[in-house]
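Number of protein chains: 2
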Amino acid sequence: MKNPLKKLRLLTPGPTPVSTDVLLSLAKEVIHHRGDEFKEILVECTELLKYIFKTENDVFILTSSGTGAMEAAVVNILNKGDRAIVLNTGAFGRRWKNILNSYGIEVKEIEYEWGDYVKLEDLENILKEDSNYQAIFCQHTETSTGVINDIKGIKEVAKKYGDIPVVVDAVSSLLGEELFMDEWELDVVVSGSQKGMMIPPGLSFIALNKKMLEKVEKSNLPKFYFSLIHAKNYFERGQTPWTPAVNTIFALKEALKIIKEYGIENLWNRYKKLAQATREGVKAIGLELFAKRPCNVVTSIKVPEGVDGTRIVKDMQNEFGVRIAGGQREYKGKIVRFAHMGYMDEMDVVMGIAGLELTLSKLGYKFEIGNGVRKVLEVFNG
Amino acid sequence: MKNPLKKLRLLTPGPTPVSTDVLLSLAKEVIHHRGDEFKEILVECTELLKYIFKTENDVFILTSSGTGAMEAAVVNILNKGDRAIVLNTGAFGRRWKNILNSYGIEVKEIEYEWGDYVKLEDLENILKEDSNYQAIFCQHTETSTGVINDIKGIKEVAKKYGDIPVVVDAVSSLLGEELFMDEWELDVVVSGSQKGMMIPPGLSFIALNKKMLEKVEKSNLPKFYFSLIHAKNYFERGQTPWTPAVNTIFALKEALKIIKEYGIENLWNRYKKLAQATREGVKAIGLELFAKRPCNVVTSIKVPEGVDGTRIVKDMQNEFGVRIAGGQREYKGKIVRFAHMGYMDEMDVVMGIAGLELTLSKLGYKFEIGNGVRKVLEVFNG
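Residue numbers (this note's numbering), protein chains in the order written: chain H, -3 to 378; chain A, -3 to 378.
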């Protein structure tokens, strides 16, 4: 039955909930993207993005999904004949490999079982034997599994072998996990709009350090829409090369101002607490975490024996309006994922665990109902 | 500290949460209120309001709060020298008396202690001695105390004594409690936009049966803005006499369509369940209900000894973004109130009780945290 009063509680790892103030800013009258008014907004957003990326480097706003920014990283810093390492911990690690393969880059893959995280010694062992790689691609947090990787450590290893550039997919981690682009000397960091940024999908971001910007000038891989030479040139006049998602940029400005006011360190602490409460709540219902090193932006949970994980996701949304994510690819039906990203708070965790408990109970999983929410309250009360 | 990421969960008995779809309809371009486009909307809304009031009578949309519709009821059906009975069970019963007094109507008040409900025998005892009253004013649900009154029974008593008109304040009850205007032969029913109607404040509604419409023609109390003769005349051309809140009426149309699709009987059941879960959750934390006959649209709870009720409301909002209502007037600090109105669902109850538990714990009230939310889940799971 279609329920016109269904209240949607979005707990998925992107898109994430958007506040009404930000949503209403989307409804503002469109302005032209070659005028002074837009220029001012674009420049303000770019400055605020630097604050978020913890960088003095250039940050570009692209009108695309996060995958577009991933592709931009590949096609702007590499050249024909380059070799790259992919640290693959899940679906998005695989995506790096696929993009690189599409551009004919030779890939050395270090692949981990889903749920596992990058071991620095594995990287080191490979580089010890052969360090002729032009870049290392990795995920800060792997959204498909809920794992966090030690990108600071990865860069430290890379520095020992000729300072190989490290390209970080921070699509899901940005704003949710500590990330210091300059301090950690990360070379390229990419992200998207619909996760920690608290706005709808449609924009992506790419930050590059000076060394990488020089590479951009010379890179000979084919590109057009994602060419950062264009992006850089146009930004000098306060513009984007192609018509950008103007209204989504209105929303970006609103969201960035809110984020700045709240403070990024406070945000990190916020999600840390939400993730902790979720993990403990889940364990109190007798379930197991999936990630071997869980991040704070998405908690992945093993579906218990005898329960169909796709039903958990479906029924939880249909019955209680609480929308979580299931597992991707081989893990479909085997894990479920709760996000702690963007415009989410304690009460979202309470609802998430409440919805999970009610749904598991209806699906016949045996446990004492209420243990999960009680544990969540204990964490927040503690 | 101002928190720009505070997520507000509105659990107050008006205003109530408004869905994004309805909010965005407010942002539509204003249209002129004397044109065909607006006429169509006004007529459609009025038809849908009849469905909600369960009446074939005329229903008028006023641009005012619910109190405006209360005043409209008084000044349009009474005459100088008339006498009225007020069945006073709380702050809104008192409001009837104040409005009537302002127009010089002699009031016979049957006043109950807050938390108590109208006893039909009290009305009957008065009418037995003297039935020379031109109207009986009452509340269907008394928002200040969370009590429901038997308006069907009140009308049955009134009929035995010369069919005295019964004027019902259904501001908070409409859509939340069963109400059959025609079947129960209610004479006047008034309501507002910001409670069960799921739209922002700014509109009120008044439905009158044929006998009352005749009275409107002759009533000699002073009035202008709330004159229903004007309202009736203008409605014949699909208009309102004064410039209405056009954009709020856009929202009204959106909300009424959703309500019609969901079905009013389903709504009644929805709030019944939400109220039941709230009551049981509250009792599981060791608290007592305030209302002697609790309604399903607002649950009032006695603040436990040693706790300041105004702090509960304040801290719950400040710490957890969950906004409930405190007690009014003499009951300030002594009771707190949770609404189950409009665009609220099971997860709102979960959050409400979670917020209450966390706040009470911080305020030093001793109980085992988690008992309330567990009980709520049990009710929804049952």
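Quick caveat, the hints were computed from the structure, so don't treat them as lab data. We treat Cβ as the ideally placed atom computed from N, Cα and C, and that holds for glycine. Among the hints, erroneous ones may be present.
[Unchecked claim] Calculated lysine to aspartate or glutamate pairs in the EDC-like style (CA-CA distance at most 16 Å, straight line):
(1) A/2 / H/341
(2) H/2 / A/315
(3) A/269 / H/315
(4) A/93 / A/117
(5) H/362 / H/301
(6) H/362 / A/78
(7) A/3 / H/109
(8) A/3 / H/17
(9) H/24 / A/25
(10) H/-2 / A/257
(11) H/253 / H/43
(12) A/362 / H/374
(13) A/269 / A/118
(14) A/-2 / H/257
(15) A/24 / H/341
(16) H/3 / A/17
(17) A/358 / H/54
(18) A/3 / H/257
(19) A/2 / H/374
(20) A/2 / H/315
(21) H/288 / H/25
(22) H/269 / A/315
(23) H/2 / A/257
(24) H/2 / A/341
(25) H/3 / A/341
(26) H/358 / A/374
[Stated by the list, open to error] Partial selection, computed: residues in chain A whose CB lies under 10 Å from chain H:
(27) 194
(28) 197
(29) 207
(30) 258
(31) 307
(32) 317
(33) 364
(34) 373
Practice prompt. Would you mind confirming whether the straight-line C-alpha gap from residue -2 of chain A to residue 257 of chain H stays at or under 16 Å?
Written response: 9 Å, holds
Discussion item. Residue 3 of chain A and residue 17 of chain H were given as a pair; does the straight-line alpha-carbon distance stay at or below 16 Å?
Written reply: Distance of about 11 Å is within 16 Å: holds.
Discussion item. Tell me if the straight-line CA distance from residue 24 of chain A to residue 341 of chain H falls inside 16 Å.
Written reply: Answer violated: residue 24 of chain A to residue 341 of chain H is near 30 Å, above 16 Å.
Worksheet item: Does residue 2 of chain A pair with residue 341 of chain H here, judged by a C-alpha cut-off of 16 Å?
Response: With a Cα-Cα distance of about 8 Å, the restraint between residue 2 of chain A and residue 341 of chain H holds, given a limit of 16 Å.
Worksheet entry | Satisfaction of hint between residue 374 of chain A and residue 358 of chain H, Cα-Cα up to 16 Å | OK: residue 358 of chain H and residue 374 of chain A at ~12 Å, within 16 Å.
Worksheet item: Given the hinted pair residue 2 of chain H and residue 315 of chain A, is their alpha-carbon gap at most 16 Å?
Response: 27 Å, violated
Practice prompt. Decide if the proposed pair is consistent with the structure: residue 2 of chain A and residue 374 of chain H, CA atoms, cutoff 16 Å inclusive.
Written response: 21 Å, violated
Worksheet item: When you check the alpha-carbon spacing of residue 362 of chain H and residue 301 of chain H, does it fall within 16 Å?
Response: The given pair, whose Cα atoms are some 11 Å apart, holds under the 16 Å limit.
Item to complete: Below or equal to 16 Å on CA atoms is what counts here, so check residue 2 of chain H against residue 341 of chain A.
Response: With a Cα-Cα distance of about 8 Å, the restraint between residue 2 of chain H and residue 341 of chain A holds, given a limit of 16 Å.
Worksheet entry | Hint check, residue 207 of chain A versus chain H [nearest Cβ-Cβ separation less than 10 Å] | At 35 Å from the nearest chain H Cβ, residue 207 of chain A fails the 10 Å test, so the hint is violated.
Fill in: Status of the hint placing residue 258 of chain A at chain H (closest C-beta pair under 10 Å)
Since the shortest Cβ distance to chain H is 5 Å, the answer is holds.
Worksheet item: residue 3 of chain H and residue 17 of chain A: Cα distance at most 16 Å?
Response: Status holds; Cα separation ~11 Å.
In this structure, the earlier hints numbered 2, 4, 6, 7, 13, 15, 17, 19, 20, 21, 28, 29 and 31 are contradicted, and the remaining ones agree with it.
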